[in-house]
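S.K.: For reference, the chains in residue letters:
There are 4 protein chains.
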Amino acid sequence: MGSDHARTLATSIKGAAVTAVSDTDRHRASAIASETGAHRVHRDGQALIADPDVDAVLVASPDGTHADLVLACLDAGKPVLCEKPLAPGIDACLRVIAVETALGRRLIQVGFMRRFDPGYTEMRATARSGKFGSPLLMHCVHRNASVPPSFDSGMVITNSAVHEIDMARWLLHEEFAFVSIFGGPSEASDSTGRPQLIVLESQSGLLVEIEVFVSARYGYDVRAELVCEAGTISLAPQAPIRTRFSGQTASSLADDWRAHFETAYRIQLQAWVASVHTGVAVGASAWDGYVATATAAACLDALQNRTRTGIRLEARPTLYD
Amino acid sequence: MGSDHARTLATSIKGAAVTAVSDTDRHRASAIASETGAHRVHRDGQALIADPDVDAVLVASPDGTHADLVLACLDAGKPVLCEKPLAPGIDACLRVIAVETALGRRLIQVGFMRRFDPGYTEMRATARSGKFGSPLLMHCVHRNASVPPSFDSGMVITNSAVHEIDMARWLLHEEFAFVSIFGGPSEASDSTGRPQLIVLESQSGLLVEIEVFVSARYGYDVRAELVCEAGTISLAPQAPIRTRFSGQTASSLADDWRAHFETAYRIQLQAWVASVHTGVAVGASAWDGYVATATAAACLDALQNRTRTGIRLEARPTLYD
Amino acid sequence: MGSDHARTLATSIKGAAVTAVSDTDRHRASAIASETGAHRVHRDGQALIADPDVDAVLVASPDGTHADLVLACLDAGKPVLCEKPLAPGIDACLRVIAVETALGRRLIQVGFMRRFDPGYTEMRATARSGKFGSPLLMHCVHRNASVPPSFDSGMVITNSAVHEIDMARWLLHEEFAFVSIFGGPSEASDSTGRPQLIVLESQSGLLVEIEVFVSARYGYDVRAELVCEAGTISLAPQAPIRTRFSGQTASSLADDWRAHFETAYRIQLQAWVASVHTGVAVGASAWDGYVATATAAACLDALQNRTRTGIRLEARPTLYD
Amino acid sequence: MGSDHARTLATSIKGAAVTAVSDTDRHRASAIASETGAHRVHRDGQALIADPDVDAVLVASPDGTHADLVLACLDAGKPVLCEKPLAPGIDACLRVIAVETALGRRLIQVGFMRRFDPGYTEMRATARSGKFGSPLLMHCVHRNASVPPSFDSGMVITNSAVHEIDMARWLLHEEFAFVSIFGGPSEASDSTGRPQLIVLESQSGLLVEIEVFVSARYGYDVRAELVCEAGTISLAPQAPIRTRFSGQTASSLADDWRAHFETAYRIQLQAWVASVHTGVAVGASAWDGYVATATAAACLDALQNRTRTGIRLEARPTLYD
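Chains as they are written, first to last, in the working numbering: chain A, 674 to 994; chain B, 674 to 994; chain C, 674 to 994; chain D, 674 to 994.
There may be inaccurate statements among the hints.
Remember, identical chains collapse to one label, so a pair may be satisfied in a single copy or spanning two.
Within a straight-line C-alpha distance of at most 20 Å, the following computed EDC-like cross-link-like pairs (lysine to aspartate or glutamate) qualify [to be verified]: (1) 751 x 928; (2) 751 x 848; (3) 751 x 717; (4) 687 x 717; (5) 687 x 677; (6) 687 x 708; (7) 687 x 974; (8) 804 x 708; (9) 687 x 728; (10) 687 x 928; (11) 751 x 724; (12) 804 x 736; (13) 687 x 764.
Rather than coming from a laboratory, the hints here were simulated on the basis of the structure.
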């Protein structure tokens, strides 16, 4: 994703220039730098963050390194767009939040790009219009054609379902209190070969049902329906064309999330760059990043224990109101 | 179609029994008779019509024989459902109309089954509700996957487009005054390999645009959109299921008109049998059959002369008001 | 429903005549009898079953009376189509099964009409084609615009969700082992104002997720998606037309289940009448009726106890293999 | 459109800055300048083109002024993106072409933004893939909810249908030889109240059928289907969400072309700015602008004379190969 982001910044985002690049693979870093016009390739993220030619930082490194890089950005007073998760562990998330809270201003945006997707933003605006009454339930489908063999049931939650968790919070304006999980691995060797069904219950009793299936073979597919008191709102298919061929009318699915959410990624980057200029934070905050990680952690417990599991959250600092 | 109709009558239509069958292929006639429980196989249609065990007649013989069989039915005072066309020639149609008019009551229904199709009937009811204002224009698409080599450009009109002609009259409540034809054969060997575009202008200036393409390869496809002053009404796709497979969301098209219009055929037969019992004619009349043939004849002239061609119709007898 | 069935039998079903009618409301019974041409109005169902002019019986009386009427039919050796449920209680279902099993031949069909719906039958045929691999999960949505005030959370399961339970068994060819229920009444006065989410786990680990929402306001809506190893199969929308009006493209939903499943009801009746003639049972058996009632009973327990609840079934008599 | 373009350039287009603005309404020009950060407001377009701080020019002035402004750009050697039409008259178009041809390099892009629309570009790529065989016919629908009273039948062609004319040429890779027009004004007061049907025949016999209806009331609607030998390719609806409400499933249409083609306009601007930097022209050329004007002129003749009308084009200079 780092290369994708750098390319988008270099070609399509107003008000930004890629000035420096860092990657553990120096060869790849150099290639991206020359492709995007970056002046410098740094040996590591900390050096990049310290570079005076760097005004703002985009973190797309391995998950485990996110928190330290984000903390370095806070230390340097530089805005940062951090790919999700903010950190894989709850404690690391809370440490970041403590520092940002102490700083007293929001410098961190977590890359839940779906908040900028035209479908979800229209769904939210429509729900908020009041015409459909209050939301009651949300159905989500998240399918990948396939995942690498290293992908296990836990990653299905922390990498895939976590997007639905953030979306549902953002659409419903509520935190979740309980989670139950069905399906998934019946044995070790089959960890991702079956769909998992996640049922979240919000503090006021709203329901969110998520199917995550990362071996769906047929393609990448993300769907959502928000059921309200007087009607429902669904994401519409996004294919630009329909064909009639060989006995069928058909439209194509995106190959993967990059293609499916290409527009969301671009809008997110443009909004982030604008927010760097204005100083007004947009998108998912460090708090949202923490809640996503904490909720996903409860999901992992539910997956392990096969029982309805409570979700405990810290009190939200006023910085994030 | 004769066999299909007989089977439907025998298995699915209330108030009817297949009592007699006739076919130039006696072997086929016997097979159908035994399948449908018919008592008797007649050597020809005239004998069947004369059979006292026959109360009503369904004619699905070659087009050229329709008029004589229908006239025999009129002579015998027996209701008849005649597959379209009533007759391939205008004079034969007028002869039938003269006899039925002299008889003073409607015994003939012409098998324009689309008048019983749930899509078209809903389209008509919606147009008549007034909500959409007056109709202004109609788009029609009529595609077959393929046709036998003997099918020529003229048959594209008299066999295929004639259904759209009847539908448009029935939906718009107007007769057509002019026809223009585009496309179609660029040379003899290519008579049906290209789509034809037929533009009909009604007496008050309404437009009907028909694409007929009988070598569309991909499947059988019939579509229509009625454009009114305040909105439009389209036939919806009819597939019972949708699939997601191999990178696509898709639904199947019917293989041919039998499958596509299966429901329309059944409803038509049930309505016809009911009309035989009540004595109240339903569906397309002999007059409708004549207008279809006369309009198709003008289309053939337009195809030949490649010019906007007037359509002349006789005055409609009051029997058909 | 009784009146609807009688009318359909009288007007659209081949091979059947309505010969006798019974209803606690004698006035209504007489009206239906005269409308359908029935010779006789009986004072109760037992008398109707005993009538020698009655060859086969359709039971659409209050749920609590089903078992006794069906037993009387068995006693009289007459085929019976019994509206679901076979009986509201498990014991009554087992009593019926015991008698039918002792009789040694299937006389009972339970009116799970969706087994005859073109959408579900095509879904099943497609799943069985093998192209999509094995089924893994099924999503179901069952929404009613509204229900009478007497409708409570239990009836949401026994009256509405029970259709999905039968469908899922029929599509997946498995019995369910566990059920969990989420949502639904947060307090007594709100028993049906919120959607309920039912999660069924089959004996081999297949999942079925059912949303039942009987106060959905916007209309009647039934949807299903069967997720298989290599693709998914969904019911397609059934509206015959689409409109463009006032800034929207739209199609209508059926008002209620009668309109939505009109075709399924007709096909079911035709298939039942044919089965009476041939003596070969079709559709849902008494066993299927028992399993539906037993599974629904476990759902009621799960609703009450708010915990994942086991489903216990008797061994299936060989009559139902 | 000028303001829209300036805003898009200022906020969303990489590699461009709005440095100068001109408008006959100086108040509006100042407002746009201050909104987009332009340094200077010029009293007219010629002064703006002469401004040394202006590297490239976007012309969105009244149609009649396009040619002179474009010629001034050629004279100044500055790339220009000119809103369609290049000029309303054929002679003015040819004059521009003569000057650009003499210059020997392409500086002019005509703003046929649909060439950058994801739907049309995917349609073209799919057609070119070869899978569907050769194109044979194209159906186009172009509907506006309403137009100002000053809009007459001629403008329906030169302002609206001209987009379809350019699109069809671009998709089919052929010029048109004949045009016929049906419908439209039945009297002076009704000039745009009825749909017009335009039938174009290409030099090799391909057909393009265009409905243009600028008083469609219900909304803005643009559709297209390309019929090829083995299948068809249609634009898919673009609404981001679908709703279920009040008995209907529905999705919204865009209010007007700005909303509908917002993405196309943005991509066009980004591509133009990139082409200014690279010096490699993209999009519709001055030649394409000439052909659009010449074809529209033949349409106007056909509208006037109500007869199939030939379309004559000059020979294409090699600069445009």
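S.K.: The structure should be examined with respect to each hint, and the outcome stated for every one.
M.R.: A quick look at each hint next to the structure:
1. In this homomeric assembly, residue 751 and residue 928 never come within 20 Å of each other (Cα to Cα): the closest approach is 35 Å inside a single copy and 41 Å across copies.
2. Proximity of residue 751 to residue 848 under the C-alpha cut-off of 20 Å is found in neither arrangement, the shortest distances being 29 Å within a copy and 57 Å between copies.
3. In this homomeric assembly, residue 751 and residue 717 come within 20 Å of each other (Cα to Cα) only inside a single copy, at 17 Å, whereas the closest approach across copies is 44 Å.
4. Taking identical chains as interchangeable, the C-alpha atoms of residue 687 and residue 717 are never at most 20 Å apart, the minima being 26 Å within one chain and 28 Å between chains.
5. Taking the closest pair of Cα atoms, residue 687 and residue 677 come within 20 Å of each other both inside a single copy (16 Å) and across two copies (16 Å).
6. In this assembly of identical chains, the alpha carbons of residue 687 and residue 708 lie at most 20 Å apart whether taken from the same copy (17 Å) or from different copies (15 Å).
7. Proximity of residue 687 to residue 974 under the C-alpha cut-off of 20 Å is found in neither arrangement, the shortest distances being 43 Å within a copy and 46 Å between copies.
8. For a Cα distance limit of 20 Å, the shortest separation of residue 804 from residue 708 qualifies neither inside one copy, at 48 Å, nor across copies, at 34 Å.
9. For the homomeric pair residue 687 and residue 728, the shortest alpha-carbon distances inside one copy (15 Å) and between copies (18 Å) are both at most 20 Å.
10. Taking the shortest Cα distances, residue 687 and residue 928 never come within 20 Å of each other, neither inside one copy (28 Å) nor across copies (27 Å).
11. Taking identical chains as interchangeable, the C-alpha atoms of residue 751 and residue 724 lie at most 20 Å apart only when both belong to the same chain, with a minimum of 11 Å there against 38 Å between chains.
12. Within a single copy, residue 804 and residue 736 get their C-alpha atoms no closer than 40 Å, and across copies no closer than 38 Å, so neither meets the 20 Å cut-off.
13. For the homomeric pair residue 687 and residue 764, neither the shortest alpha-carbon distance inside one copy (36 Å) nor that between copies (40 Å) is at most 20 Å.
Consistency with the previously given hints fails for numbers 1, 2, 4, 7, 8, 10, 12 and 13, ordered from lowest to highest.
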